[in-house]
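8 protein chains.
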Amino acid sequence: MTDISAYADLDLDRTRRRGYPEAVYCAGKTPGQVAGIAAAVREHPDVVTLFTRATAEHAEAVRAVLPDAFHDPSAALLAWPPAVPSAQGGRVVVVAAGTSDLPVAREALLTARYLGRRAELVVDVGVAGLHRVLSHLDLLRQARAVVVVAGMDGALPGVVAGLISAPVIAVPTSVGYGAAFEGLAALLTMLNACAPGVAVVNIDNGYGGGHLAAQIAAPPRPDATPHQRPPG
Amino acid sequence: MTDISAYADLDLDRTRRRGYPEAVYCAGKTPGQVAGIAAAVREHPDVVTLFTRATAEHAEAVRAVLPDAFHDPSAALLAWPPAVPSAQGGRVVVVAAGTSDLPVAREALLTARYLGRRAELVVDVGVAGLHRVLSHLDLLRQARAVVVVAGMDGALPGVVAGLISAPVIAVPTSVGYGAAFEGLAALLTMLNACAPGVAVVNIDNGYGGGHLAAQIAAPPRPDATPHQRPPG
Amino acid sequence: MTDISAYADLDLDRTRRRGYPEAVYCAGKTPGQVAGIAAAVREHPDVVTLFTRATAEHAEAVRAVLPDAFHDPSAALLAWPPAVPSAQGGRVVVVAAGTSDLPVAREALLTARYLGRRAELVVDVGVAGLHRVLSHLDLLRQARAVVVVAGMDGALPGVVAGLISAPVIAVPTSVGYGAAFEGLAALLTMLNACAPGVAVVNIDNGYGGGHLAAQIAAPPRPDATPHQRPPG
Amino acid sequence: MTDISAYADLDLDRTRRRGYPEAVYCAGKTPGQVAGIAAAVREHPDVVTLFTRATAEHAEAVRAVLPDAFHDPSAALLAWPPAVPSAQGGRVVVVAAGTSDLPVAREALLTARYLGRRAELVVDVGVAGLHRVLSHLDLLRQARAVVVVAGMDGALPGVVAGLISAPVIAVPTSVGYGAAFEGLAALLTMLNACAPGVAVVNIDNGYGGGHLAAQIAAPPRPDATPHQRPPG
Amino acid sequence: MTDISAYADLDLDRTRRRGYPEAVYCAGKTPGQVAGIAAAVREHPDVVTLFTRATAEHAEAVRAVLPDAFHDPSAALLAWPPAVPSAQGGRVVVVAAGTSDLPVAREALLTARYLGRRAELVVDVGVAGLHRVLSHLDLLRQARAVVVVAGMDGALPGVVAGLISAPVIAVPTSVGYGAAFEGLAALLTMLNACAPGVAVVNIDNGYGGGHLAAQIAAPPRPDATPHQRPPG
Amino acid sequence: MTDISAYADLDLDRTRRRGYPEAVYCAGKTPGQVAGIAAAVREHPDVVTLFTRATAEHAEAVRAVLPDAFHDPSAALLAWPPAVPSAQGGRVVVVAAGTSDLPVAREALLTARYLGRRAELVVDVGVAGLHRVLSHLDLLRQARAVVVVAGMDGALPGVVAGLISAPVIAVPTSVGYGAAFEGLAALLTMLNACAPGVAVVNIDNGYGGGHLAAQIAAPPRPDATPHQRPPG
Amino acid sequence: MTDISAYADLDLDRTRRRGYPEAVYCAGKTPGQVAGIAAAVREHPDVVTLFTRATAEHAEAVRAVLPDAFHDPSAALLAWPPAVPSAQGGRVVVVAAGTSDLPVAREALLTARYLGRRAELVVDVGVAGLHRVLSHLDLLRQARAVVVVAGMDGALPGVVAGLISAPVIAVPTSVGYGAAFEGLAALLTMLNACAPGVAVVNIDNGYGGGHLAAQIAAPPRPDATPHQRPPG
Amino acid sequence: MTDISAYADLDLDRTRRRGYPEAVYCAGKTPGQVAGIAAAVREHPDVVTLFTRATAEHAEAVRAVLPDAFHDPSAALLAWPPAVPSAQGGRVVVVAAGTSDLPVAREALLTARYLGRRAELVVDVGVAGLHRVLSHLDLLRQARAVVVVAGMDGALPGVVAGLISAPVIAVPTSVGYGAAFEGLAALLTMLNACAPGVAVVNIDNGYGGGHLAAQIAAPPRPDATPHQRPPG
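Residue numbers (the UniProt record's numbering), protein chains in the order written: chain H, 1 to 232; chain F, 1 to 232; chain G, 1 to 232; chain R, 1 to 232; chain V, 1 to 232; chain L, 1 to 232; chain C, 1 to 232; chain X, 1 to 232.
In short, the hints are calculated from the structure, not lab data. Take these hints with a grain of salt, some might be off.
[As the list claims (entries may be wrong)] Label-pair restraints from in silico Cβ distances:
| # | chain 1 | residue 1 | chain 2 | residue 2 | range |
| --- | --- | --- | --- | --- | --- |
| 1 | V | Asp11 | F | Glu43 | 33 to 43 angstroms |
| 2 | F | Arg141 | R | Ser74 | 45 to 55 angstroms |
| 3 | C | Pro85 | X | Leu134 | 37 to 47 angstroms |
| 4 | V | Val84 | L | Glu120 | 54 to 64 angstroms |
| 5 | L | Pro45 | H | Ser165 | 51 to 61 angstroms |
| 6 | L | Glu57 | C | Val84 | 52 to 62 angstroms |
[What the hints assert, rightly or not] Chain C residues, not near chain H, derived (Cβ > 10 angstroms throughout):
| # | residue |
| --- | --- |
| 7 | Asp3 |
| 8 | Ala27 |
| 9 | Arg42 |
| 10 | Val65 |
| 11 | Val84 |
| 12 | Ala87 |
| 13 | Asp124 |
| 14 | Gly129 |
| 15 | Gly151 |
| 16 | Gly178 |
Quick caveat, the model's predicted, so the values are computed rather than measured. No residue lacks a Cβ here, since even glycine has one placed at the ideal position from N, Cα and C.
Pulled out of the complex, with its shape left as it was, chain H reads as follows:
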């Protein structure tokens, strides 16, 4: 009944092996195609599936098949099964430079949580008012990975990276106008951050930012034998 082979090739087995949720990128898919994929997903409740960049029509199509799916409209994200996994590994902190960056920041936050991390959100701390960043230093310094979401000048990730020792994943957003060029300005700023410790994902890619942060903050795998910090 859920023959989707004409337009998609789900690889839930690969997902199981790699250990992270499957993600269905809804943009460019018809609601009918998304519904078909949702039906295939329903057969595999042991794997968490995220539906990203889902419009209201996409969401309706998913929930017609998976009525209990979690849905955050501002982040354009659905998840099924809806339960957030219990948290493992280090802490992820997501920082949104401005109110308009919130949708992308929430996509990062929820992705990190559905990948099994404890994740928190800090809002409206742009560099125009440094004291606002500085007031969150304690929290930032407890993070194993920090996602910084910013549009316009995109200056915040470099400033944060200079203050902490954890890696910073910078997510440029298309917030802004004119010479912001739909996020290009923020993207270039972040790629040229003076402080080391900043890596960048695609413009508005909250999913990618949250995913990477969750990978960084993952608990040690048993099969990997890390060198230990020597005593002292």
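Got chain H sorted already, so can you dock chains F, G, R, V, L, C and X onto it with the hints?
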């Protein structure tokens, strides 16, 4: 003897009316043309003339005609007559984000001084170490105009503008590599600065930055009758 | 009741210290978020707050909370409290190259007035008819700062700067088509203006242009002791 | 002896039919190839041939074969036979915005002359000093076609077009730095000129500008029967 | 009653001096502003006025005031008074590479006619079928100026210029998709045309192309004394 | 002795399986690295190896190890063993728009020959003189694949594709200046060619163009059972 | 009755000579123009005509005239006469990297079929899961030409080309967001593919990709006498 | 003696607090300035200092002051004190797509080692030959962070990320030509990687890539209490 009409049309009278030095942009001119202009300039010692973007060859050509001309090779600038005018108006502070931004910053500094302003230089205060900016806050807050020179991510002007009430003139530099795109990244960052109070000049245009700061910090003209701040 | 901490962190205290109105950038915020901020603003009638880039929906949300707010739909601007402060400092002149540049020019004009400057507007004086610019020379020469708003070729700021000694803040607009590239052509023209004394803000950023002009034309601060123009 | 068929296919017959000189674009050709072409040209003294963008090495190679060829090193141009044809048709005026634009302007000037037009050069009349343009209005208004050569902001062609009724051919140059982007800024400005009557050729293409102006100012062809301006 | 000074400064006197119609660029103006300008225009029936880039709303506003205005919706153009001037000077030929280029081509055609030229249109002669261009050679060779309108690869103007001796005004259009980049590809092609004799106006600027062609094909002005082609 | 594993991993076995020569891209490699690879190649005389983009230093390094290697300096290409394989499959024709495009065209030509195709070169047939293209139609129509190499406006591939039924591989070159943008203009033109049947490779990538043409013109593989054109 | 000469010049004779269907590019044409062309097409049932980039309105206009026309809405394609020609020549395989690339892939598939090739489609085999590509290797290696359709990173064509010896036609799509820049990222990736054997057509140009593949896989023409692979 | 305050403001204390080496970016600094900084560094042998992007002249200047400094000319890197710290934390694997990417890859490798990680290098594993990547899967899967360095199409990081569960830091390089646009193509590819788990640093920024990988693979800090993976 100094017939330069085949390639230039000096307008020293306009310079006198407008009240600022004449500037000779040397790039793209032959040393011979620059020497011819220098000879014409020699007839008008009452006007300060700046030679900008002067290579060593240009400088040699100028000093062959005007041996006492001031020359700062790092800023690629000459001035004649060499004496710096006595300072008038408000203070100008020039801030260089990194050591590599120094040539452009010095061009701004010297331009502001030859336009008659008291001007000071602060060096190596990039946003990767915020405490360095913060340690100069007192000086920055005394300025009537601040010129911030930065390459790479170009984030410093927006941070400075958020800390002071004077206008910030941002000068992007071509310092950096890769996605710095010869200063484009810094330029876009500055145009998108989240803090109001930032305006931008061309990449590496220390002359333009210093000139504008000097205009901003100019003493009130007698013919202009500004509204006064009311008592209290 | 006005708990906005989930999406914004108003810093009216900083506004007080820096001496300029707080600005709320509405683009990218929901009307609900803007209404929440307006409610927070209502508690602080001693600070002028500007709402910029406000759509009709944003404006409705603001006026539901602050019914007496000033609203200029063409400039997409609201202000509260609505009274314009009494004018201090030097005069600001805003010049619009064409009729289509008016919305941005009005945003600059109103911003300068709400920052406490006397500000006037000159309309439709593009370089295709030089006599139109020249007919306003007297007014332009009385300004402490001139804002020039232009789209298409963006040539006007350079022409104006060559005629006056006050600083020119150039605001490129997205007026035009084809190789105007949404304001990029005008932006580049302005950055390359041959006359010194031009600095540029973001495309369509009337708020930024008016803000900077107001800072430049600000009355001398008591704590700053400028050098005086010597007699003669 | 002059077998050049391995690398070029001269079409002097076509040149004769179309009525304009043949042009050999030297950039990218080896001096040996240029010499071979010069030898082929020598067989056809009834056709004027221009060698454009010729380096010193190219020029030496041409003059080894055609010792009496005309050579203007600043314009990187050679012509053979060297005699300028007697002038026909309307007048061409070439305007160079700055001294650094002279090489391109001279290429335009010489091209127009070798195509058989009376052509004159006006130098250093940038828009930063409008009175300089205005002082040449009489000459500009006598032209049948005006070539305006400008780098940096490229604003001059639009200003000139607003003052005259003849067509303006705009030649952007790579003069400038930073956001001039090797002539891109001037190119865009010229494409967006507010005054109608401006068309643009490639950056630094003095040859193209002069050629087009010469075509515009060509005398009426006997085979074309233009409509006559009615009496009165 | 027609006080438009708050948003426009019509300069019909300049139009009279320069000898060409006034043009009102409607894009970016409100219908109300356009109506106001139309009312001002109504006072001056001795001057032809073109309204360019007029939407249906703009057109309705114009015709409410000037009911007999000529209107070509596909070219988005209105003219008043509606009568086409009697033709003078040389012939203008407008060539449209494809059917989709017709709106821009018609704007050029009508502009040339309202400037007083005999103008004809040739349609759908792209370079993919050379015989189609070649079949119009006779007409093309009778033109004093040719306007070539093309999108996509923009190759046609260079091909036409290689076939005729009259100047070619190339008008790139935004026809195409993907790497056509809204006309940028065609624009660059035209700027790099291998055949001399091509100059370019802005993307989709049929008005500019037709205007320039009309200037080129203008009858000799009595005050200009061209050199005559010698007998023989 | 030829341990190159620290910097390269030659895969001659894969080359054998795929049936085409191995290619060593020399740019960015030190002459020492290239020499090391040449020594490894020497062990495998049954596989043709091409060294592309080889400077004089690279060529010297190769020939120190493989003294009999074929070397075409203008194409910056070496081949070893030097013998050209006997020709199989269909004919390849390489067309160079101008003399300056010859180095890239020769790289394509030689690559096609070393891949086992009969390949011929046609030179200097730009669209500015259509009769030159048309005079080669017979040869072009005999080709199984045509490589068209062109810089500047890049218009030739679209014209050729409209004349023949074989596929056209377009190779843009960096020949040109100004708005040619190092080959970008030609690249965009080719991507937007109006005639179907044009595909594009990287700027200056003669190797890629020749390789693809050779693949297209390859003889039928025995394991592939093509459908046959029915009789009649 | 079908006089379309005012806006189009169908060249069905050329189509017959070249041996491929005529294609009508509907974008930018009015439904009325498309209907007129359809009526002209109806007179020539011996030629297959494709209508590409047809909106629902275009399709309705075509089917009003040609009721039995084939229509694939997802590919925005119509064909008339509707019968697919019997397959000749080699096999074409079309590969779509993701579900969202399907519309473009189907346009390629149908074009190849209407040009007379056997063509098959493989879906959702992006490089993020290599085993999916590898599972189709047998089919890919039977193809005479492979069309690879991919958006986002556009990495798939290079991977496929490394696995097979047939030519790969890469079709970048505008699928993606942010720094995908409407297909520019995928386009650049494909132009820089490390494996030789990849050529690229315009973004979203499924028609061009399918057309080229069909040309490559065409049966040998009787007039061309290819060299035969020698026995062994 | 080592007064460098005129051009630099070393912050070794901050380095100590953050726990990573200080880095001196040499590009744009004079050898004299670098020597001055080296002298200041000499006072602080407890902090590792890296000198990046050091030309031969820079290296000579450093070693005149710090004769025992480690120097890798291909990576343009120096380190002092020269001893590599003992390895802690997880393993870092650096992958270079091609031989030409080696200098950047070595910069990443050495940076990771000087930050205290065990780091290994894999060379020449581009996607054109997938089996080469696949042959290193075991090593890649043992890494806590993988740095993938690639120019041209930049496709490798996305392929690697699809095969492992550790985060991938992608470093685009300027290797390539034409439409590689100095690394822009690779940068865009990486930002659009279809597989999640890829973040990008600046073009040629091996230092940044190695630094970030070292941060990711850092041993758990005692003050951070990560959630533990539950048993089973």
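Hint-by-hint comparison with the structure:
1. One distance hint, 33 to 43 angstroms for the beta-carbon pair Asp11 of chain V and Glu43 of chain F, holds here, with the actual separation near 41 angstroms.
2. In this structure, Arg141 of chain F and Ser74 of chain R meet the distance hint of 45 to 55 angstroms, their C-beta atoms being roughly 52 angstroms apart.
3. Separation of Pro85 of chain C from Leu134 of chain X is about 42 angstroms and conforms to the stated range, judged on CB atoms against 37 to 47 angstroms.
4. A hinted range of 54 to 64 angstroms for the beta carbons of Val84 of chain V and Glu120 of chain L is consistent with their spacing of about 55 angstroms.
5. Checked against the hint of 51 to 61 angstroms, the pair Pro45 of chain L and Ser165 of chain H passes, with Cβ atoms roughly 56 angstroms apart.
6. Roughly 56 angstroms separates the CB atoms of Glu57 of chain L and Val84 of chain C, a value that falls within the hinted 52 to 62 angstroms.
7. Consistency note on Asp3 of chain C: stated as away from chain H, and its beta-carbon is indeed over 10 angstroms from all of that chain's, at 40 angstroms minimum.
8. Every CB of chain H lies more than 10 angstroms from the CB of Ala27 of chain C, the least distance being 19 angstroms, so the non-interface label holds.
9. Every CB of chain H lies more than 10 angstroms from the CB of Arg42 of chain C, the least distance being 33 angstroms, so the non-interface label holds.
10. Against the 10 angstroms criterion, Val65 of chain C stays outside the reach of chain H, whose nearest CB is about 29 angstroms from its own CB.
11. With a least beta-carbon separation of about 19 angstroms from chain H, Val84 of chain C lies farther than 10 angstroms from that chain, consistent with its non-interface assignment.
12. Residue-level check passed: Ala87 of chain C sits 21 angstroms from the nearest beta carbon of chain H, beyond 10 angstroms.
13. Against chain H, the non-interface label of Asp124 of chain C is violated: not every CB pair exceeds 10 angstroms, the least being about 4 angstroms.
14. Against chain H, the non-interface label of Gly129 of chain C is violated: not every CB pair exceeds 10 angstroms, the least being about 5 angstroms.
15. Not every C-beta of chain H lies more than 10 angstroms from that of Gly151 of chain C, the closest at about 8 angstroms, which undercuts listing it as non-interface.
16. With a least beta-carbon separation of about 3 angstroms from chain H, Gly178 of chain C fails to lie farther than 10 angstroms from that chain, contradicting its non-interface assignment.
When held up to the earlier numbered hints, the structure conflicts with 13, 14, 15 and 16 and fits the remainder.
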